[in-house]
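So the protein lines, in turn, are chains X and D.
Following our numbering from start to finish, the first sequence increments by one per residue and tops out at 440.
Following our numbering from start to finish, the second sequence increments by one per residue and tops out at 440.
One or more hints might be untrue.
Copies of the same chain look alike in the list, so a pair counts if it fits in one copy or across any two.
25 Å max Cα-Cα, derived DMTMM-like pairs, lysine to aspartate or glutamate [what the hints assert, rightly or not]: (1) K263 / E152; (2) K57 / D40; (3) K332 / D352; (4) K134 / D93; (5) K371 / E28; (6) K35 / E340; (7) K371 / E109; (8) K263 / E251; (9) K89 / E158; (10) K293 / D341; (11) K187 / D171; (12) K332 / D242.
It should be emphasised that the hints constitute simulated quantities derived from the structure, not laboratory data.
2 protein chains.
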Amino acid sequence: MSARTLNRDLPKNVGRVATVAGWVEVRRDHGKLIFLDIRDRSGIVQVVVTPKTKEVLKIAATVRPQWVVELEGEVKERPADMKTQKPLGDIELVVQRISILAQADELPFDLSTELNLDTYLDHLPLTLRTKRARDIFTLQETIIEGFREALRAQEFREFQAPTLVGGDAEGGAAAFKVGYYYDKHAYLATSPQLYKQIMVGVYERVFSTPKVFRGEKHATTRHLSEYSSMDFEMGFINDHLDVMRVVEHAMRHIVGQVGKIHGDLLRRFSVEMPAMASSMPSLKLREAQKILGVGETPDLEPEHEREICAWARNEKSSDFLFITHYPVKKRPFYTYEDEADPGYTKSFDLLFRGLEITTGGQRIHEYKLLVERIREWNLDPEQFSYYLQAFKYGMPPHGGSATGLERLTARMLGLANIKEATLFPRDLNRIDTQLSK
Amino acid sequence: MSARTLNRDLPKNVGRVATVAGWVEVRRDHGKLIFLDIRDRSGIVQVVVTPKTKEVLKIAATVRPQWVVELEGEVKERPADMKTQKPLGDIELVVQRISILAQADELPFDLSTELNLDTYLDHLPLTLRTKRARDIFTLQETIIEGFREALRAQEFREFQAPTLVGGDAEGGAAAFKVGYYYDKHAYLATSPQLYKQIMVGVYERVFSTPKVFRGEKHATTRHLSEYSSMDFEMGFINDHLDVMRVVEHAMRHIVGQVGKIHGDLLRRFSVEMPAMASSMPSLKLREAQKILGVGETPDLEPEHEREICAWARNEKSSDFLFITHYPVKKRPFYTYEDEADPGYTKSFDLLFRGLEITTGGQRIHEYKLLVERIREWNLDPEQFSYYLQAFKYGMPPHGGSATGLERLTARMLGLANIKEATLFPRDLNRIDTQLSK
Numbered sequence: 004m005s006a007r008t009l010n011r012d013l014p015k016n017v018g019r020v021a022t023v024a025g026w027v028e029v030r031r032d033h034g035k036l037i038f039l040d041i042r043d044r045s046g047i048v049q050v051v052v053t054p055k056t057k058e059v060l061k062i063a064a065t066v067r068p069q070w071v072v073e074l075e076g077e078v079k080e081r082p083a084d085m086k087t088q089k090p091l092g093d094i095e096l097v098v099q100r101i102s103i104l105a106q107a108d109e110l111p112f113d114l115s116t117e118l119n120l121d122t123y124l125d126h127l128p129l130t131l132r133t134k135r136a137r138d139i140f141t142l143q144e145t146i147i148e149g150f151r152e153a154l155r156a157q158e159f160r161e162f163q164a165p166t167l168v169g170g171d172a173e174g175g176a177a178a179f180k181v182g183y184y185y186d187k188h189a190y191l192a193t194s195p196q197l198y199k200q201i202m203v204g205v206y207e208r209v210f211s212t213p214k215v216f217r218g219e220k221h222a223t224t225r226h227l228s229e230y231s232s233m234d235f236e237m238g239f240i241n242d243h244l245d246v247m248r249v250v251e252h253a254m255r256h257i258v259g260q261v262g263k264i265h266g267d268l269l270r271r272f273s274v275e276m277p278a279m280a281s282s283m284p285s286l287k288l289r290e291a292q293k294i295l296g297v298g299e300t301p302d303l304e305p306e307h308e309r310e311i312c313a314w315a316r317n318e319k320s321s322d323f324l325f326i327t328h329y330p331v332k333k334r335p336f337y338t339y340e341d342e343a344d345p346g347y348t349k350s351f352d353l354l355f356r357g358l359e360i361t362t363g364g365q366r367i368h369e370y371k372l373l374v375e376r377i378r379e380w381n382l383d384p385e386q387f388s389y390y391l392q393a394f395k396y397g398m399p400p401h402g403g404s405a406t407g408l409e410r411l412t413a414r415m416l417g418l419a420n421i422k423e424a425t426l427f428p429r430d431l432n433r434i435d436t437q438l439s440k
Numbered sequence: 004m005s006a007r008t009l010n011r012d013l014p015k016n017v018g019r020v021a022t023v024a025g026w027v028e029v030r031r032d033h034g035k036l037i038f039l040d041i042r043d044r045s046g047i048v049q050v051v052v053t054p055k056t057k058e059v060l061k062i063a064a065t066v067r068p069q070w071v072v073e074l075e076g077e078v079k080e081r082p083a084d085m086k087t088q089k090p091l092g093d094i095e096l097v098v099q100r101i102s103i104l105a106q107a108d109e110l111p112f113d114l115s116t117e118l119n120l121d122t123y124l125d126h127l128p129l130t131l132r133t134k135r136a137r138d139i140f141t142l143q144e145t146i147i148e149g150f151r152e153a154l155r156a157q158e159f160r161e162f163q164a165p166t167l168v169g170g171d172a173e174g175g176a177a178a179f180k181v182g183y184y185y186d187k188h189a190y191l192a193t194s195p196q197l198y199k200q201i202m203v204g205v206y207e208r209v210f211s212t213p214k215v216f217r218g219e220k221h222a223t224t225r226h227l228s229e230y231s232s233m234d235f236e237m238g239f240i241n242d243h244l245d246v247m248r249v250v251e252h253a254m255r256h257i258v259g260q261v262g263k264i265h266g267d268l269l270r271r272f273s274v275e276m277p278a279m280a281s282s283m284p285s286l287k288l289r290e291a292q293k294i295l296g297v298g299e300t301p302d303l304e305p306e307h308e309r310e311i312c313a314w315a316r317n318e319k320s321s322d323f324l325f326i327t328h329y330p331v332k333k334r335p336f337y338t339y340e341d342e343a344d345p346g347y348t349k350s351f352d353l354l355f356r357g358l359e360i361t362t363g364g365q366r367i368h369e370y371k372l373l374v375e376r377i378r379e380w381n382l383d384p385e386q387f388s389y390y391l392q393a394f395k396y397g398m399p400p401h402g403g404s405a406t407g408l409e410r411l412t413a414r415m416l417g418l419a420n421i422k423e424a425t426l427f428p429r430d431l432n433r434i435d436t437q438l439s440k
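Extracted from the complex, chain X is given alone in its bound form:
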């Protein structure tokens, strides 16, 4: 390949000869003139092939969408009546030489049409190349890096949480079973919970962004078998409110970064920036249920999550809403009970635009109480002996939270199905291809 100029740098090269390389997005064949829209990682530029270069015109007539080409030509300002408001709409490349780097089969469908979800997922190696898909995962990268930045700025240390675990520890979520060596078995982590607590004993404040795995037989628009969890855990807290402050700080930083970098992107999805009140509103679960006029069930139903978020949006001008104080029996064994509100926990969920995206709380740090709770939950302390060492040897009051990367991405962009916010979604019926029935 010749020295390549990225499309975005062409305006600086008007009047000069440059070489670009990329994918053919569109070919417009006017017989004597052929126009190609060429996509590279920096943008899309129009190139024009004229009858002056007959051989080039002949080749250009054969190229089709998604062919990969290298083009050399003169960068020119477009005639005034041909200029557009699009990026790089002022210029074009008048081609002198073309090389085909790779051909492509005829596309199975027009990439600009709206596809049904299964067709879209069946062809991700192709459909991820659309602007819409590239936008989604560009935003997702900003979210996960924004999370890391916010935590690092508060002296949280990143650690690599293990994926293979010895048992389905928490007992609640269904864990996938792995054939380990010989006749042994392992499980896939449903959360880095126990490890991040251990790490509080090491660094006080830690975060991790591992893949976690849930084997429940859900077939909804908000569940995945494999997803990215943005987790943190911190020591020396007073209570769950300290944890909520870190969650709020991280969300503000993420939303701030999205606003700073992705204004245009949000407009392409016709969504607003998330509404942020000066401080995120918070309701006890029972308060929320009272507002909704529903009974005191141990959790909110999906439609109640949507309704209480609508309330927060209207009454508190916030797209985020904390719900706190879930009943003891509804939360995991390690959740701290509120001395001031017995039967209820120092726990919280964060709802965002109608969906739970974060769950967290203060954890039990007293060894004896923790062992007691494990027994009360009908779990076996022996199964937790490794984890329990952290408590046996001194743990401070601590808490933390976990936020689903894909859920946050999906709600930020108003995507109807979380699978659209996951590069290669795994679910009941699909690992890349649809699983045979």
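Use these hints to put chain D onto chain X, whose structure you have.
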């Protein structure tokens, strides 16, 4: 808890009353005076309890290593003859109030003694609290973040690679089998290879730092069942040399960051900064074998990796050495054969201080050739149909590499066993606890 001052901020507070909180590292009981070394995330400070506060002295006499305490007292400059060169060695806190946040059992061993590896690993929730362990994973965080920084600076986009995959695609490495829904099965990814190639079609340049899994029955000082892979892949390259340049750039950035931040840390491990020549030396495999005076086997044995690295250190003043042009049959099916050196590939390994830490190369981008190779490798193209879509619909010349985070960490610090460079190592015999035989 009262408003807490971190240990590192105490020197600014001499003459004032401050509250610190942390773990008791050491208690020195002189009867009338008790000294405690208190560790928090920012450092270790000495506190002193005097007979002036009898009740406090009584409590202080009961505390033991790893108890978690909160202490209020006056920050004082130490008497001149009591000052030490250690961080915070100029000051101490004269305690007026003590609260026990958590007790700890008597430790099973003295944390300052050198433990055998199995004892160390059996007690990670405790042993990770040692300075040595905290140093290792502090450095590891710098390495992985340094990798991300270097790649981002060159316009690589981060993506989340999947862990659950449909088949043991490459056929080479042994993949762990996962019980998926109903009677279906999945596997754990041995590498993000196929997905990062797909992503070249989307963003041109991508990176990911996923966990990957290898089920070979290795019991060595350099293999793990689960490790962190620092992967990238890039399009529009001329050949593998473009890929090697990005690897070299990333390593220089990582080493630069380590040097900038962790000079003291390296000294604690008695290791030098990695030696970096002005450009990293590179040998064809056959050239290396000639230098070593060994036959032309398809790969280097571990002792040959060590010997050729000693050669590079002596002759080229470099702790890094590229080995290129492995035989076609020794590399995966997607590896690009060198037209100028038939039978050998545009592939490379990067060795660092005697160990292979990185592997990479140019990949085949032509659809037909790739399908041919899959057949030649006795694999089934149908099994690769999802991946092959990327090539059917136009892929540019591309390549990439993968670096083992734990191996790089281990060699940077001169650790004898890679398990020490892994927070919670999984191997043939261990997932946290030792597996029953």
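A quick look at each hint next to the structure:
1. K263 / E152: both (15 Å within a copy, 20 Å between copies)
2. K57 / D40: within (20 Å within a copy, 83 Å between copies)
3. K332 / D352: within (15 Å within a copy, 53 Å between copies)
4. K134 / D93: Classified as within; 21 Å inside a copy, 60 Å across copies.
5. K371 / E28: between (64 Å within a copy, 22 Å between copies)
6. K35 / E340: neither (77 Å within a copy, 40 Å between copies)
7. K371 / E109: between (67 Å within a copy, 15 Å between copies)
8. K263 / E251: Answer is within: at 18 Å inside a copy they meet the 25 Å cutoff, but 32 Å across does not.
9. K89 / E158: between (42 Å within a copy, 22 Å between copies)
10. K293 / D341: within (20 Å within a copy, 71 Å between copies)
11. K187 / D171: both (14 Å within a copy, 19 Å between copies)
12. K332 / D242: within (19 Å within a copy, 60 Å between copies)
Hint compliance for this structure: hint 6 is the single one not met.
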